[in-house]
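J.: Sequence:
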Amino acid sequence: MLRLGANDPDFNLRNETAFLIREKARKNHTFATSIETHGEYDVVMETSSNLTSSCEEVKVVMDTASYTVVKATYKGGHSVMLCLSNTDADKEKGHRLTVEGTMYAWNGRCGVFMK
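Those letters in the sequence shown? Residues 1415 to 1529, per my numbering, in order.
To be clear, the hints were calculated from the coordinates, so they are not data collected in a lab. There may be inaccurate statements among the hints.
The calculated DSSO-like cross-link candidates involving lysine-lysine, where the alpha carbons are at most 30 Å apart (straight line), are [as the list claims (entries may be wrong)]: (1) Lys-1529 <-> Lys-1489; (2) Lys-1438 <-> Lys-1485; (3) Lys-1485 <-> Lys-1507; (4) Lys-1489 <-> Lys-1473; (5) Lys-1485 <-> Lys-1529; (6) Lys-1473 <-> Lys-1485; (7) Lys-1505 <-> Lys-1473; (8) Lys-1438 <-> Lys-1473; (9) Lys-1507 <-> Lys-1529; (10) Lys-1485 <-> Lys-1441; (11) Lys-1507 <-> Lys-1473; (12) Lys-1529 <-> Lys-1473; (13) Lys-1473 <-> Lys-1441; (14) Lys-1485 <-> Lys-1505; (15) Lys-1529 <-> Lys-1505.
Using C-beta positions, here's what the derived DEER-type ranges look like [claimed, not checked]: (16) Gly-1491 <-> Thr-1512: 16 to 26 Å; (17) Lys-1489 <-> Asp-1422: 34 to 44 Å; (18) Met-1517 <-> Val-1472: 15 to 25 Å; (19) Ser-1462 <-> Asn-1521: 32 to 42 Å; (20) Val-1458 <-> Met-1517: 42 to 52 Å; (21) Asn-1500 <-> Asn-1426: 22 to 32 Å.
In this text, all values refer to a predicted model and were calculated from it rather than measured experimentally. Positions of the beta carbon are idealized from the N, C-alpha and C atoms, including for glycine.
Full structure from sequences and hints, please.
T.: The structure is reproduced here in C-alpha cells:
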C-alpha cells in the first residue's frame, strides 16, 4: 500500500491510499482508467440518480513506442477510442492508424473517436 501525495511539498495531491502493481521482467507499463461523474442529487425530492458507473470496460488495445490506443466501452454498446501519438505532439502532424479493422486519422497529439 502507498500513500498518494506523501512527498508533495505543496500539498497539491489529495491524501489517498493507493496500490503499487509490480510485474517481473517488465520495465514499462501503460495504465488506463475512466473518470465519471457520480450522478446527480435532487435536493427538492431528496433522491439520487445515475449513481453507478456506465463504463463496462477500459482496455489498452495497442501500445507501441509510436502509438497508444485505449478503448472504453459503455452500457448501451457505445464506445470511445482514444488514439495517442507517443512521439510527435506537433498540432499540424497527421496520423493514420488501423485498429480492430477500423482506420483512424487525426492531427496533433491525440484523437478521440466515438462509436
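J.: Hint by hint, note whether the structure agrees.
T.: Hint by hint, here is what the structure shows:
At roughly 12 Å between alpha-carbon atoms, Lys-1529 and Lys-1489 fall within 30 Å of each other, so this suggested pair holds. Of the supplied pair hints, the one linking Lys-1438 and Lys-1485 holds, its CA atoms being roughly 26 Å apart against a limit of 30 Å. Of the supplied pair hints, the one linking Lys-1485 and Lys-1507 holds, its CA atoms being roughly 23 Å apart against a limit of 30 Å. Distance check on the hinted pair: Lys-1489 and Lys-1473 sit about 15 Å apart at the alpha-carbon level, within 30 Å; holds.
Proximity of Lys-1485 to Lys-1529 is assessed by CA-CA distance (about 11 Å); at most 30 Å being required, the pair is judged to hold. Restraint check for Lys-1473 and Lys-1485: satisfied, since their Cα atoms lie roughly 5 Å apart, inside the 30 Å limit. For the proposed pair Lys-1505 and Lys-1473, the alpha carbon gap of about 26 Å is at most 30 Å, so the pair holds. For the hint pairing Lys-1438 with Lys-1473, the CA-to-CA distance comes to about 21 Å; that is within 30 Å, so the pair holds.
Straight-line distance between C-alpha atoms of Lys-1507 and Lys-1529 comes to about 24 Å, which keeps the hinted pair within the 30 Å bound. This hinted pair checks out: Lys-1485 and Lys-1441 have alpha carbons roughly 23 Å apart, not beyond 30 Å. For the proposed pair Lys-1507 and Lys-1473, the alpha carbon gap of about 26 Å is at most 30 Å, so the pair holds. The hinted pair formed by Lys-1529 and Lys-1473 meets the criterion: a straight-line CA distance of about 15 Å does not exceed 30 Å.
Taking the CA atoms of Lys-1473 and Lys-1441, the gap is near 20 Å; set against the 30 Å cutoff, the hint holds. The suggested pairing of Lys-1485 with Lys-1505 holds, with an alpha-carbon distance near 23 Å, which does not exceed 30 Å. Between Lys-1529 and Lys-1505 the alpha-carbon distance is near 24 Å, which keeps this suggested pair within the 30 Å criterion. In this structure the supplied range 16 to 26 Å holds for Gly-1491 paired with Thr-1512, their Cβ-Cβ distance being about 22 Å.
Look at Lys-1489 against Asp-1422: about 36 Å separates their beta carbons, and that is inside 34 to 44 Å. The hinted range of 15 to 25 Å is satisfied by Met-1517 and Val-1472, whose Cβ atoms lie roughly 22 Å apart. Here the CB-CB span from Ser-1462 to Asn-1521 is close to 41 Å, well matched to the stated 32 to 42 Å. At roughly 49 Å, the beta-carbon separation of Val-1458 and Met-1517 lies within the given 42 to 52 Å, and the hint holds.
For the hinted restraint 22 to 32 Å between Asn-1500 and Asn-1426, the CB-CB distance of approximately 26 Å keeps it satisfied.
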